[in-house]
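In order, the protein sequence lines correspond to chains A and B.
Take any residue in the first sequence, note its place counting from 1, add 3, and you have its number in this note's numbering.
Take any residue in the second sequence, note its place counting from 1, add 3, and you have its number in this note's numbering.
One thing to keep in mind: the hints can contain errors.
[Unchecked claim] Calculated cross-link-like contacts (lysine-lysine; reagent style DSBU-like; alpha-carbon spacing at most 35 angstroms): (1) B:K120 x A:K399; (2) A:K230 x A:K466; (3) B:K399 x A:K342; (4) A:K399 x B:K412; (5) A:K243 x B:K460; (6) B:K51 x A:K399; (7) A:K465 x A:K428; (8) B:K21 x A:K428; (9) A:K33 x B:K34; (10) A:K460 x B:K217; (11) A:K428 x B:K217; (12) A:K465 x B:K466; (13) A:K399 x B:K460; (14) A:K412 x B:K460; (15) B:K469 x A:K428; (16) B:K131 x A:K33; (17) B:K66 x A:K399; (18) A:K466 x B:K460; (19) A:K69 x A:K51; (20) A:K428 x B:K342; (21) B:K412 x A:K428; (22) A:K435 x B:K399.
[To be verified] Per the computed footprint, the stretches of chain B lying under chain A, defined by three or more beta-carbons under 8 angstroms from a beta-carbon of chain A, are: (23) 60 to 71; (24) 83 to 94; (25) 254 to 260; (26) 278 to 285; (27) 324 to 332.
[As the list claims (entries may be wrong)] Chain A regions said to be covered by chain B (calculated; three or more residues, Cβ under 8 angstroms): (28) 342 to 354; (29) 394 to 402.
I should point out that these hints are in silico values taken from the structure, not numbers from a laboratory.
Cβ coordinates follow ideal geometry from the N, Cα and C atoms, glycine included.
There are 2 protein chains.
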Amino acid sequence: MLVFSVMEMSLNNFFYPKNIAVVGASNNPKKFGYELMKNIVEGGYRGKIFPINIKEEEVMGFKAAKTIKEVQEKIDLVIIAIPAGFVPQVVRECAEKGIKNIIIVSGGFSEVGEEGKKLEEEVVKIAKENDIRIIGPNCVGIQNTEVSLNASFVMRALPGSIGIITQSGALGASQIYMATSEGIGFSKFINLGNACDVSIPEAIKYLADDPQTKVIALYIEGVSRGKEFMEALKYATAKKPVVVVKAGRTEAGMRAVLSHTGSLAGRDAIFDAVFKQTGAIRVETLQQLFNVSRLIVEQPPPSGKRIAIITNAGGAGVLSADECAKHDLILTELTEETKNALRSFLPPIASVLNPVDIIASANMEVYRKTVETVIKDPNVDCLLVACVVPTFLGMKPDEHARGVVEALKNVKVRKTVIACWMAGKIAEPGKKILSENHVPAYSCPKEAVYALAKYIKYLEFKKASKNVR
Amino acid sequence: MLVFSVMEMSLNNFFYPKNIAVVGASNNPKKFGYELMKNIVEGGYRGKIFPINIKEEEVMGFKAAKTIKEVQEKIDLVIIAIPAGFVPQVVRECAEKGIKNIIIVSGGFSEVGEEGKKLEEEVVKIAKENDIRIIGPNCVGIQNTEVSLNASFVMRALPGSIGIITQSGALGASQIYMATSEGIGFSKFINLGNACDVSIPEAIKYLADDPQTKVIALYIEGVSRGKEFMEALKYATAKKPVVVVKAGRTEAGMRAVLSHTGSLAGRDAIFDAVFKQTGAIRVETLQQLFNVSRLIVEQPPPSGKRIAIITNAGGAGVLSADECAKHDLILTELTEETKNALRSFLPPIASVLNPVDIIASANMEVYRKTVETVIKDPNVDCLLVACVVPTFLGMKPDEHARGVVEALKNVKVRKTVIACWMAGKIAEPGKKILSENHVPAYSCPKEAVYALAKYIKYLEFKKASKNVR
Chain A
4 MLVFSVMEMS
14 LNNFFYPKNI
24 AVVGASNNPK
34 KFGYELMKNI
44 VEGGYRGKIF
54 PINIKEEEVM
64 GFKAAKTIKE
74 VQEKIDLVII
84 AIPAGFVPQV
94 VRECAEKGIK
104 NIIIVSGGFS
114 EVGEEGKKLE
124 EEVVKIAKEN
134 DIRIIGPNCV
144 GIQNTEVSLN
154 ASFVMRALPG
164 SIGIITQSGA
174 LGASQIYMAT
184 SEGIGFSKFI
194 NLGNACDVSI
204 PEAIKYLADD
214 PQTKVIALYI
224 EGVSRGKEFM
234 EALKYATAKK
244 PVVVVKAGRT
254 EAGMRAVLSH
264 TGSLAGRDAI
274 FDAVFKQTGA
284 IRVETLQQLF
294 NVSRLIVEQP
304 PPSGKRIAII
314 TNAGGAGVLS
324 ADECAKHDLI
334 LTELTEETKN
344 ALRSFLPPIA
354 SVLNPVDIIA
364 SANMEVYRKT
374 VETVIKDPNV
384 DCLLVACVVP
394 TFLGMKPDEH
404 ARGVVEALKN
414 VKVRKTVIAC
424 WMAGKIAEPG
434 KKILSENHVP
444 AYSCPKEAVY
454 ALAKYIKYLE
464 FKKASKNVR
Chain B
4 MLVFSVMEMS
14 LNNFFYPKNI
24 AVVGASNNPK
34 KFGYELMKNI
44 VEGGYRGKIF
54 PINIKEEEVM
64 GFKAAKTIKE
74 VQEKIDLVII
84 AIPAGFVPQV
94 VRECAEKGIK
104 NIIIVSGGFS
114 EVGEEGKKLE
124 EEVVKIAKEN
134 DIRIIGPNCV
144 GIQNTEVSLN
154 ASFVMRALPG
164 SIGIITQSGA
174 LGASQIYMAT
184 SEGIGFSKFI
194 NLGNACDVSI
204 PEAIKYLADD
214 PQTKVIALYI
224 EGVSRGKEFM
234 EALKYATAKK
244 PVVVVKAGRT
254 EAGMRAVLSH
264 TGSLAGRDAI
274 FDAVFKQTGA
284 IRVETLQQLF
294 NVSRLIVEQP
304 PPSGKRIAII
314 TNAGGAGVLS
324 ADECAKHDLI
334 LTELTEETKN
344 ALRSFLPPIA
354 SVLNPVDIIA
364 SANMEVYRKT
374 VETVIKDPNV
384 DCLLVACVVP
394 TFLGMKPDEH
404 ARGVVEALKN
414 VKVRKTVIAC
424 WMAGKIAEPG
434 KKILSENHVP
444 AYSCPKEAVY
454 ALAKYIKYLE
464 FKKASKNVR
């Protein structure tokens, strides 16, 4: 336990540094040291920043030092963005200055062959001898939105509760882009690159203990320390959901992994077993990774699997019902009271069975009333509201979403609500309103039900494993 | 054969009418007769339009008649949008005037119970006795972009080569919205509603013979005439691909179908067998329906299943490779010549294996050169170009797509090319450029490879069934 809390503290210094030195910080937009410095500055980091550059007097308005040693103050975090060959020397200088946390973003290490491997080993040796923790090399860096720290090459994430650990910097970045489009934020972003020191299991445990993180989203291709990985997952899933994409499932994928991260992907069946055993939520695509994660951070956990579907298009109801059945969700029987209440305001050709089909003429008011009525039904654990946004009868493309949001404000019941807003770009104003009000809005019944079903599976696992104890 | 060509001709009158009478045309925006009239007028229909309204003198600038009979000229197509109870009388007047084609958009027929059913039977009886063909009732109508005819409640589709038949008006509409967002068009749009006369099998055969239609996209929930349906599919797939979503796969879905279109969904295994036997391409979601259809109309058919992947992010390569393997596509071995050519301009840490990983620094020029080089490789049948749109090093979000498009213009080889542009909204400018240049751009490797694999399956079916003959 002592070892663990020391480790924790040392990772904390990466994410909550009081100041940062950027080795290789540059005014030249063609250099990675420029990009990194820019992201830290524009990200709004509030600690001191020390650019280190042999040639420049100042970088982006900050006085530059020629070397780390020139900086008078104690430095919490050093980020290195210079050619690989020069890195060991800088790490040595860091050691001499008593620095304990270094992120090496530079590439040119074990990922490029024997020579780079030697360089990486040299760096690790210096670090070990001096109790230095290293993230990287060959990574895009980290983010911590709680302190407006964007120490990465990646677009700044919005503040939020998804903690992401990704073995692919680019795919991690794509999650941030995707989430930002929907107004969803992250707590921490972690890309470890070659992971010569700080490892994925360690990062998982760190986020498991991070109070800002409600769900851990993981993209991995291969794992070198299988046992540690499994233990970290177990540790984490006991505290919060972990959603994971494990790529390299097939022979072809494994070969691609080998040429990408150089790690061995390992037999997929083994990973599958590990995820099942630890209760990690395995999904297939990055879209699903995001879909499930956002549901977890935005909605209360479903208390059961009895679902009600509200739709303005019969076809969307049918597709949704199919997906629910496929995932063992139960299309609930609404109470007579609910049905009668619905009949009192819905047109006669509407259906008050489940799916509740409020037909194409349903406007904001009808959506509001229907959601208010159905969500109160004691037979309903969770609610899927679908809409094929109509453009006729003078309806506005966002009004149906407004109806849903208003209903949720009016009722006191807190149940899991997801939305499926269909019809391409025309559905976007409505999706935006739903997202802003923390109702995850998907564009397809398959995606929507999938996310909900995965969340329910995790909760069932949690319940079952508690019963065992 | 004679019967068939008569039928064909009679359907042609629905889609190529020289003039149209709209019964119930209205100036009141709250009425469906307004919406319909507006869509016909704004859609740019070039034939004569006769609004029929008992109370109004003129509708949207067109002189109104009180009844069909008042119109002096011969009428090709009548569209009826008045309450159900009045419809039989109007159909009778049509019969007296010798009209042969009627679309009834009004609801209130067999879908609402016994009384409506009687009304529908009455309408069918009059029609049969007078050789009148009827589309509807309870439908959103039809479109024919070739003659700018939007006789529906649905947004006008762009002109194109996808012919769509949908049992759900709203979901059909959502396909148009989705396609329009991507600049993709349709030849015909057909929603038959209760299909009291013109049936889905008939519509399938009509589109099979329609020279404007390159692919038939079908959404169905249930089929009343199973044998005819199967024959129509066989007839159509011999001429062009048919892509189909069959909803109501599960018990829950079937119950939803019953309350939606009132049709019996039928055992899913039977449908599955029918699709396999006829070579219809079955997909699960509306997104996939669109994804596959657009690929077929936009790209030349793949000559085989040897695929090359180009990516600027290793992770995207791994995910794509996994999907290819899952669908039995072959990650091809590039020739030494290709590899050497790639090595001559790619950075040393790039991978010239397949997936070709041109790394995150790849700009427009690198994309252009790589596509030009790989597409010429004789071992390559089709190409997946992936991009996680980067935002650093001053790169523009659309430049990678421009590189691909330029490459395809420069090389003379015509091979199937699909794109996967990842990273949410930031990928959209690139996707737009690709779409405008007929390269289908998907947002996820799973979707991209799925579409390609389905297309290849259809071609293999075609080849195999030819060999049998």
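Distance restraint between K51 (chain B) and K399 (chain A), which requires alpha-carbon spacing of 35 angstroms or less: holds (31 angstroms)
Verify the proposed pairing of K412 (chain B) with K428 (chain A), using a straight-line Cα cut of 35 angstroms. Given pair K412 (chain B), K428 (chain A) holds - Cα atoms ~29 angstroms apart, limit 35 angstroms.
Given the proposed pairing of K230 (chain A) with K466 (chain A), does the C-alpha separation stay at or below 35 angstroms? Holds: K230 (chain A) and K466 (chain A) sit about 24 angstroms apart, inside 35 angstroms.
Taking 35 angstroms as the top limit, are the C-alpha atoms of K120 (chain B) and K399 (chain A) close enough? holds (34 angstroms)
35 angstroms limit on alpha-carbon distance, applied to hinted pair K243 (chain A) and K460 (chain B): violated (42 angstroms)
Could you grab the alpha-carbon distance between K399 (chain A) and K460 (chain B) and see if it respects the 35 angstroms cut-off? Distance ~42 angstroms between K399 (chain A) and K460 (chain B) Cα, so the pair is violated.
Measure nothing beyond the straight line between the CA atoms of K469 (chain B) and K428 (chain A); if it is 35 angstroms or shorter, mark the hint as holding. violated (41 angstroms)
Does the structure keep K399 (chain B) and K342 (chain A) at a Cα separation of 35 angstroms or less? violated (54 angstroms)
With a cut-off of 35 angstroms on the C-alpha distance, tell me whether K465 (chain A) and K466 (chain B) pass. violated (51 angstroms)
Hey, K428 (chain A) versus K217 (chain B), does the alpha-carbon distance stay inside 35 angstroms? It holds: about 25 angstroms lies between the C-alpha atoms, which stays within 35 angstroms.
For the pair we were handed, K131 (chain B) and K33 (chain A), check the Cα-Cα distance against 35 angstroms. Violated: K131 (chain B) and K33 (chain A) sit about 76 angstroms apart, past 35 angstroms.
With a cut-off of 35 angstroms on the C-alpha distance, tell me whether K21 (chain B) and K428 (chain A) pass. holds (34 angstroms)
When held up to the earlier numbered hints, the structure conflicts with 3, 4, 5, 7, 9, 10, 12, 13, 14, 15, 16, 18, 20, 23, 24, 26 and fits the remainder.
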